[in-house]
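Here the protein sequences come in this chain order: V and C. Take the first sequence: its letters are residues 1 to 247, numbered as in full-length UniProt numbering. Take the second sequence: its letters are residues 1 to 368, numbered as in full-length UniProt numbering.
Treat each hint with caution, since some may be false.
[Stated by the list, open to error] Computed from the model, here is a short list of chain V residues facing chain C with C-beta under 10 angstroms: (1) Ile-77; (2) His-96; (3) Leu-100.
[As the list claims (entries may be wrong)] Label-pair ranges, simulated between beta-carbon atoms: (4) C/Ile-197 x V/Val-74: 19 to 29 angstroms; (5) C/Pro-192 x V/Ser-143: 28 to 38 angstroms; (6) C/Phe-350 x V/Ala-171: 26 to 36 angstroms.
The set of hints was computed from the structure by calculation and includes no laboratory data. Every residue, glycine too, gets a C-beta built ideally from N, C-alpha and C.
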Amino acid sequence: MSKQTVVQLDRVNKWYGKYHALRDIDLAVAKGETIVICGPSGSGKSTLIRCLNNLEQHDEGGIKICDITISENVKDIEKIRRHTGMVFQHFNLFPHMTVLDNCTFGLRHVLGMPVSQANEVARDLLNKVKIGDQEQKYPGQLSGGQQQRVAIARALTMSPDIMLFDEPTSALDPEMISEVLEIMRSLSKDGMTMICVTHEMGFAKEFADRIVFMEAGSVIEISPPEEFFVKPKTERAKVFLDQILAH
Amino acid sequence: MNDLNFTGKPIEAREPAASQLSINRVVEWVKRNLFNSWFDSIITLLIILLLGTVLPKALDWLFFSATFSGAGRADCSPDAACWIPIRQYIDYYIYGPFPESEQWRVNSAFAVGLFAFPLLFTQRIPQKIVIGYILFLPVLLWVLLKGGFIFEDISTSALGGLTLTFFLGIIAMCLSLPVSILLALGRQTKLPILRWICVGYIELVRCIPVITFLFMASLVLQLFLPGGVSIDVLFRVLFVLIFVSAVYKAEIIRGAIQAVPKGQIEASYAMGCGYWKTMAYVVMPQALRNSVPALISNFIGLFKETTLVMILGLLEVMGAVKATFNNAEWLGLHAEGPIVVSAFFFVACFSIAQYGAYLERRIRRTKH
Ligand SMILES: Nc1ncnc2c1ncn2[C@@H]1O[C@H](COP(=O)(O)OP(=O)(O)OP(=O)(O)O)[C@@H](O)[C@H]1O
Ligand SMILES: [Mg+2]
């Protein structure tokens, strides 16, 4: 492979009690790639993406992020988390902080950057997600789309190498979805490595380099979008696509 | 979202024009709220009757027929309040037996203590400074009122009245919150031994009456200490007040910690923040905000519990007032003392409650 591999999963397994949530997952993501993970509800998409920054712990196999292997070592895990930014379905902004303070949180408390410098970095990114004029508001005073844009800016402040998105538009009203997708598009264009769990097939068609289709804890297909949408390899993927595209 | 105009300031609701507030609307309000049904009407009439008979008598007893000045008991009417002893002993109620030449220290203590109040209300001063001041206040009060550092020592028996109430109340309030935060975190931690200690401590202490601990602090503790060593009774009383009320606060805070959504912690972890920083900057601030109403009630309760030290012979304001009414001259006046004490506690506790209400308003402003 010509490009550097930044995410490497090697036969990853995970159980919730007796429930086998991830089965032998193998995946390698190159720098700059945009990966879309899709699949029916309960297939393990969230579990997989949350294992990448150790919000969930996998039980077997290896996960390597930017050449750091996930282990019990807390320092390593914190390092991995600094290399990855995560955007959640429900934004998870800190409601007791202003938009600006949300975005300087990591810079101040994790990197120990002085406030004025942190504010500068954060303002720059808030402008990039077109929300610079709302920096003194609290998250509760913003619309869902605006909150999600702030959440993306907050994750970007740590200048991550990889961005993880877990259904970033699923909690949004339709008219706000596009404003968030637009930000994701420009990130993808700028060469950010992205792993997105999403049902936005339009985004997947246009920007994904590869699509990972999951079912019952296994990855059953990895194809470029032109193949996946036109000629899915499995019957299950075909049914899934029919269902999701029927809307 | 709020109604916002172009300057970004909330649009204020307009006052209705004065002419609209006519008699009609008053009548309308009275009809709707006081005489809505025959049952409402009866209740309203009964209350009016009750107030009509009791209120004039009460006001008469308290003020109109009451005696405010005079030489002694002989000047007082037996059918109305006699405020003469209150005026006579007011200095004693405030300063207790504190040496007169040192009373400026009490005044300074009141000043630095009450200064915390505007400090808590302002948003101009950085929070760190306010918290620092609150944590430093107990030391300041101890030095001013009890001595140490450059100040002459004052014997414990010289502390009394409002001075003592203030001393115990403020110090206990300032220190019990940090202790309770640590207890709540301890009860949440994954370290088993620490968790068991915290759980055991909380369960034990909250099932035993405070007054028992106060007795034990003064008597039992002495049994365990090697002969000759004694800890100042004020110190022991404070210890009990702080560590008992912290238990209730810890449970309030623990509940509020659990109510903080898991996603908040995950968002913080996902940025590489560790456990302690996540607790300090993400979880605790939200938990404390959510527990304001319950914590304020607890603070009010704690402030009033300072009256219990009376049983150890410490004459805080209630004890001081009671003592003066044991004077032969004023024997038999039962109501005046408690009324004055009630008035004082009401003012103090209502102020605490107002601070709580202010905090809630401030927190609400960050939502919607
Ligand atoms: N904390 C947990 N404890 C037990 N089971 C869990 C837990 N989290 C997830 N699961 C189970 O693991 C499976 C995969 O869950 P996951 O959230 O990864 O699915 P998903 O593909 O993200 O689904 P969705 O599209 O609904 O978000 C589900 O069957 C779920 O019930
Ligand atoms: Mg999911």
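Quick one: which hint numbers does this structure break? Sort them smallest to largest. Violated: hints 3, 5 and 6.
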